[in-house]
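*Asks:* Sequence:
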Amino acid sequence: MTKVTVGMPVYNGGALFEKALLSVLQQSCRDIVVLISDNCSSDETSLICQKYAAQDSRIVYHRQRENLGANGNFDFILEAATTEFFMYVAADDFISPNYVEDNLQFLLENSDYAASTCPVRFSTGETDSAIVGDCVVSQADPYDRLMSVLTYRCANGRFYSMYRRELIADWRYSAKSFVGGDIYFVLAILLKGKFNRVDNGFIELGRDGMSTQADFYLRFSTSFFNYIVPFLQFARETMALLKHAPLSIRVRAFNFFVVLNARTSIARCLYYFKMYGAARLLKRKVFG
4 MTKVTVGMPV YNGGALFEKA LLSVLQQSCR DIVVLISDNC SSDETSLICQ
54 KYAAQDSRIV YHRQRENLGA NGNFDFILEA ATTEFFMYVA ADDFISPNYV
104 EDNLQFLLEN SDYAASTCPV RFSTGETDSA IVGDCVVSQA DPYDRLMSVL
154 TYRCANGRFY SMYRRELIAD WRYSAKSFVG GDIYFVLAIL LKGKFNRVDN
204 GFIELGRDGM STQADFYLRF STSFFNYIVP FLQFARETMA LLKHAPLSIR
254 VRAFNFFVVL NARTSIARCL YYFKMYGAAR LLKRKVFG
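Counting from 1 along the sequence shown, just add 3 to a position and that's the residue number in the working numbering.
Keep in mind the hints are simulated off the structure, nothing from the lab.
A hint or two may mislead.
Label-pair distances were calculated between CB atoms; the ranges are [unchecked claim]:
| no. | residue 1 | residue 2 | range |
| --- | --- | --- | --- |
| 1 | Pro100 | Ile269 | 26 to 32 Å |
| 2 | Thr85 | Asp46 | 25 to 31 Å |
| 3 | Asp131 | Ala178 | 21 to 27 Å |
| 4 | Ser141 | Ser251 | 26 to 32 Å |
Each computed DSS-like pair below joins lysine-lysine, with the alpha-carbon atoms no more than 27 Å apart [stated by the list, open to error]:
| no. | residue 1 | residue 2 |
| --- | --- | --- |
| 5 | Lys246 | Lys179 |
| 6 | Lys179 | Lys197 |
| 7 | Lys6 | Lys195 |
| 8 | Lys22 | Lys54 |
| 9 | Lys6 | Lys54 |
| 10 | Lys197 | Lys246 |
| 11 | Lys195 | Lys179 |
| 12 | Lys195 | Lys246 |
| 13 | Lys6 | Lys197 |
| 14 | Lys6 | Lys22 |
Ideal Cβ placement from N, Cα and C applies to all residues, glycine included.
Given only the sequences and the hints, what does the whole structure look like? Please build it.
*Replies:* Written as structure tokens, this is what we have:
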């Protein structure tokens, strides 16, 4: 029985998507389901999907009649998956041929781990775990696991891990659409299990992620206040995750969010008044 679904949400992915798809189809573990949701693309993406779906029976191709939005497209794929394990590969990401095999083997042998990934690298060449955010998180206490990720300023490379699907099956990205929502997802899963990184292979994350785009904060802003304090909902949702945590943990998290939101608020105000140099300096203080 097939154990792994690779979900590929795509919108106007073009040639980069074809490269990403080939990296999935060329896995050493051949027994996979490749679930593609084409979010009503207007470029050659549909032709690429149809071409490979006709050649490879492992591909299940859905073309949406209307654009579901990025979060809706992620939700569609996760809801459609039925296998024991699940992972996303974005339209501009690439995985090494051993990715599925090695991470599947690890998860089958280590039931206390919720997820596993290969070493993460960015398309810019960055591979430092302290920057890309793919370190092993193996503390026995779930709140210690959560806090180790929350308070360590780095990218969220471990988001594109292989997961035990039962632990994420009820997740809906569209219901958690706020700045920091991807990190919140990882924090929620850390309460259910540990995160691993195997030693070999790679997953290369593209440059076109949402957080790198110029209007990133505007996409989540429903008001001027929300624009100025973009991490407020992230703070509220995370503190709710910690409602049963020891008081010392909740105090640490509260202090972290006070500083994060204060610094970010000042930076957003500086951007608003076009004081870009000072804003960039403060951003480095916030994100490292």
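*Asks:* Take the hints in turn and mark each one as holding or not.
*Replies:* For each hint, the structure was consulted:
1. For the pair Pro100 and Ile269, the beta carbons lie near 46 Å from each other, so the given range of 26 to 32 Å is not met.
2. A C-beta distance of roughly 30 Å is found between Thr85 and Asp46, which places it inside the suggested range of 25 to 31 Å.
3. At about 33 Å, the beta-carbon gap between Asp131 and Ala178 misses the expected band of 21 to 27 Å.
4. Distance hint for Ser141 and Ser251: a CB-CB separation of about 21 Å, inconsistent with the stated range 26 to 32 Å.
5. For the hint linking Lys246 to Lys179, the alpha-carbon distance of about 18 Å falls within 27 Å, and the restraint holds.
6. With a C-alpha separation of about 22 Å, the suggested pairing of Lys179 with Lys197 holds against the 27 Å cut-off.
7. Using a Cα cut-off of 27 Å, the hinted pair Lys6 and Lys195 holds, with the two alpha carbons roughly 20 Å apart.
8. For the given pair, Lys22 sits about 14 Å from Lys54 by alpha-carbon distance, which is consistent with the 27 Å threshold.
9. Proposed proximity of Lys6 and Lys54 is supported: the alpha carbons are some 25 Å apart, at most 27 Å.
10. Simply put, Lys197 and Lys246 have alpha-carbon atoms about 20 Å apart, close enough for the 27 Å limit, and the pair holds.
11. Among the hinted pairs, Lys195 with Lys179 is consistent with the structure: their alpha-carbon atoms are about 18 Å apart, no more than 27 Å.
12. With a C-alpha separation of about 15 Å, the suggested pair Lys195 and Lys246 falls inside the 27 Å cut-off, and the hint holds.
13. As the CA atoms of Lys6 and Lys197 are separated by approximately 20 Å, the hinted pair is consistent with the 27 Å bound.
14. For the proposed pair Lys6 and Lys22, the alpha carbon gap of about 24 Å is at most 27 Å, so the pair holds.
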